[in-house]
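J.: Residue strings, one per chain:
Number of protein chains: 2
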Amino acid sequence: MTRPADPITNPPVTSDSIAQALSVAIHEHRIAPGTKLGEDELSEIYGVSRTVVRASLQTLSHIRLVDIRRNKGASVASPSTTEAHEVFEARELLEPRTARSAARRSTPADILKLERHIHDEHAALDANDSGRALYLSGLFHTEIARIAGQATIAGFIETLVARSSLIIALYWRRESALCEKHAHHALVQALADQNEQQAEELMRSHLVDLHSALDLRERNERTLSLKDALSS
Amino acid sequence: MTRPADPITNPPVTSDSIAQALSVAIHEHRIAPGTKLGEDELSEIYGVSRTVVRASLQTLSHIRLVDIRRNKGASVASPSTTEAHEVFEARELLEPRTARSAARRSTPADILKLERHIHDEHAALDANDSGRALYLSGLFHTEIARIAGQATIAGFIETLVARSSLIIALYWRRESALCEKHAHHALVQALADQNEQQAEELMRSHLVDLHSALDLRERNERTLSLKDALSS
DNA sequence: GAAACTTCTTTTGTATACAATTTTGTGTCC
DNA sequence: GGACACAAAATTGTATACAAAAGAAGTTTC
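Residue numbers (our numbering), protein chains in the order written: chain A, 1 to 232; chain B, 1001 to 1232.
Keep in mind the hints are simulated off the structure, nothing from the lab. Keep in mind that this is a model prediction, so the values were computed, not measured. The reader is advised that the hints may include incorrect statements.
Said to hold, decoys possible - Derived DEER-like restraints, expressed as beta-carbon distance ranges:
id : chain 1 : residue 1 : chain 2 : residue 2 : range
1  : B       : 1116      : A       : 44        : 39 to 45 Å
2  : B       : 1215      : A       : 24        : 40 to 46 Å
3  : A       : 181       : B       : 1112      : 48 to 54 Å
We treat Cβ as the ideally placed atom computed from N, Cα and C, and that holds for glycine.
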């Protein structure tokens, strides 16, 4: 009952490709934080055995997109407000310095790639696909880390961006519009100019803006929200 | 043929406990970088099936202590000089700031714990168990991150410390003695005094010392060393 | 003797079977 | 009707069986 594995029409389904697909779906807010990810369910969807599915879930749990609890299975992670602060504080520590390095090392090809990223983001927004726009906006940040040539730090930022997506899903304030257009554009300009100081400063303020656009008032670690919701 | 699981004499063997055991063994340099970690071999040693062993190896590969290549299996990672620089640069970015936070937040109980750590390190050194001393010295760093109350960053530092252990196994210069005693002791003093500035500065210089005690001259990513070794 | 081609052996990848645990449903008692 | 006990179903954890790939050894050919 295994798939014929026609490499043209049917790219092979590996545990990595499943992790990737789930990761994108979570980034794009098509799967909400807290959603149960049953093994049988996923193995049915992807046409592989639970063995493979379990490997992908383990991968996702290591970047903390997914919570695995023994005998309880996997579900999409649901970061607390404390964790949310931690994630953004970590980003504020890592990314400005990384943007500085990126400004020093960026090539014209890098700039072109980033501009194309921004263009795609705009297109997604115009198509009212805010989930996709958020995903692309995350890629923008990891791409800058990659340009900085610090693969290790880039890996950290990748996980932080992933968790940020969950945090935004949970705590984003409706009032504040997600207007990253200008921030990202200005950053690319600074990188193109190799203006290290400005790149660092723009990244810092961009992250502070994001952080403060979250509603992170303590709600007892998001356990009472159910009670709140039903107390009407 | 499963184990009776007497919880007193036989703590249950989980994939986490295997990962932990391997991690310590690697930290203590009882398993060298590059060593093949066969699944059958490990499942025999720990008395569990390959399923469980595979899960632990996957865990270790996510913190980059282990390299898994498809159809080739797992082996202890062997970081290149480039990766080594990256790891220490990341540490130099993260840890000084973290030490500063730790100085702000440390309690007398924390200080006591750190002092006990240092004591254990000395004991290991006196017993000529330099592997154990290195492992404890790594724990010292992750403990400080934990005191800083940034679990996210602490997690990053944990993986950086782990990889540092591999790097030290590969690139440590014999000439320079591993004299962390004083550095660690001075750091604890700064934390006890809640002297943020000094804690940050001591951590930075400690890491720079470590970094510069490595022999990271390019050797073509450590591929020629075999040829070198056989050219006598 | 070395390169290239066959087996044969070992090792990893995946599916499946079964055991252990949690969750859900049902009936009983008060 | 609600608290409890117990049985049934669903889900996860682990072992094992088999398929696929890589590595080793031996054979042929030049």
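J.: Hint numbers the structure violates, sorted upward?
T.: 1
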